[in-house]
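Asker: Protein chains in written order, with our numbering: chain A, 1 to 409; chain B, 1 to 114.
A hint or two may mislead.
Residues on chain A that point at chain B, a partial pick, calculated with CB under 8 Å [said to hold, decoys possible]:
hint, residue
1, A22
2, Q26
3, V151
4, R391
Covered stretches of chain B (chain A as the covering partner; in silico rule of three or more C-beta atoms under 8 Å from a C-beta of chain A) [claimed, not checked]:
hint, region
5, 48–58
6, 66–76
Just so you know, these hints were derived from the structure itself, not from any lab. Ideal Cβ placement from N, Cα and C applies to all residues, glycine included.
As a plain string of letters, each chain reads:
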Amino acid sequence: MGLFDRHAGLLEAYRDVRTTGADPFQIRMERVLSPTEAIINGRKMLLVGTNNYFGLTFDPSCMEAAIEAIRAEGTGTTGSRIANGSYTEHVLLEQEIAEFYGKKHCMVFTTGYQANLGVISTLVGQGDHLLIDADSHASIYDACKMTQAEVVRFKHNDPSSLASRLRRLGDKPGNRLVILEGIYSMLGDSAPLREFIDVCKKYNAYVLVDEAHSLGALGETGRGLCEATGVLDDCHFIVGTFSKTLGAIGGYCVSDDPDFDILRVTVRSYMFTASLPPSIVASVRQALRVVKAKPELRKQLWDNVATLYDGLAAQGFKLGPEHGPVVGVHLPDRMTAIGFWRAMLDAGIYVNVAVPPATPNGVSLLRCSVCAVHTPEQLQHMIEVMTGIGRQLGVISGTPKLRVVGGSR
Amino acid sequence: MPAPRTGESLLRTAHQLIVEHDDIASTLELPRLASRVDVIREICRHLAPYQAGERPIGGATVIAKDLTIDSLAIMDMVMELEDSFDVSIPMNLVAEIHTVDQLADTILDLRAKR
């Protein structure tokens, strides 16, 4: 048996995708022009699938901060913080994030994936109980494979499903850790966090919330769902990423636990990988200042979300359950999703396509992510294009609303 | 969801009560009648949509291999069975389960340990 034989099923599915003429998993951005435009296949494309929620990748102040940092401290740290030491800026970034959340401690990781992987797998061990939402991100599932704790899934966004699983644990020894996400990455829906917190309190469980997609987007000052639902003090651990709203790469975890820093010598994804380069740390610090200084970006983002979500809903598209910076468009099956995605690309719009097994409940989706600096015209154009393709493919009803000149409206 | 068939209504009612009124679930007299046959019948009901070919689904069916079900759908089915039989099956146990018989035995073992 060859090494790749066990991927035979996946290879076949992937071949199906590629023979349609474009490979959504190997798109090449020949040149990125702005947070909302890039050259792909020699053409200018509208980008509506980059998680660039505030459009800060091209913020002049963030770019300048990164360039200055490279001149001052070089391109990379060439080692881990445990082996090679921290730069002053790593420590300052951690202090600033801790301060932003009003928490005592912060640890910064080289990616958000590593933050979840390392923190979750280390917080619980043999004899403990890890409870995760069924729609959790891959980084959370991978943490489950690494931990010695017993892992149980509960139904997505269903506090009563969590409650029955905590109840069944009865008086078994061991800590309980519950993992939730602020905004889920495929359908853009938020957790009913207050209800979850009530359940966790009742059963004495620790709570970790991943705010990867909600940092900046939710809460009065952009701290995420924990802030928006008023439960910051009840969340024992908050994880997030620098790669979306903050426009760079990296991850973090904040907590008030007095012994939190022991994770620096126990979390392997922190200890055994190179630390963030100075340019990234500098642009992230500046991006965090921009998030604090420009709350109008949050309003712009949600205005744009409303434009896209309501516009698509009005045309009859089946969408995720609520407004969110991620707008997931349900399509009937994998091949329709691939075909729709490619037709969008042909029409000059780049979105993501998400098909099983990467999606919850085996759904096939076009995954759009909205940016605060998308113009209303760009989004209106996108709705028109999607409506045309949707009718062509029979995904939405094909009766255009014809109006007769002088007729009644 | 298909309409409940005769003989399953008791189970189904208890299941709904657990989901909607979790606080009182522990005081309910859950169906103790969950025999091995009942458990296997319930598993087969969940697996029916994934039957491949004419071969009937039974105790010896290898879930991930003999059927068209993917790993995510298996985990979702396990979640439903957990609520039907009021047990939690840790993911590391699920990884060791291959056949319908093994899944049924795991559920019965966990129920016995409650």
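Asker: If a hint holds in the structure, say so; if it doesn't, say that too.
Answerer: Consistency of the hints with the structure:
Because the smallest distance between the Cβ of A22(A) and any Cβ of chain B comes to about 25 Å, over 8 Å, the interface hint for this residue is violated. The restraint placing Q26(A) at the interface with chain B is violated, with a minimum CB-CB distance near 23 Å, outside the 8 Å limit. For V151(A), the interface hint holds, since its Cβ comes within 8 Å of a Cβ in chain B; the closest pair sits about 4 Å apart. At its closest, the beta carbon of R391(A) sits 31 Å from a beta carbon of chain B; the interface hint therefore is violated under the 8 Å criterion.
Here the region 48–58 of chain B counts 0 residues with a CB under 8 Å from a CB of chain A, which misses the bar of 3, and the coverage is violated. Residues of the region 66–76 of chain B with a Cβ under 8 Å from some Cβ of chain A number 6, which satisfies the need for three, so the listed coverage holds.
Hint compliance for this structure: hints 1, 2, 4 and 5 are not met, and every other hint is.
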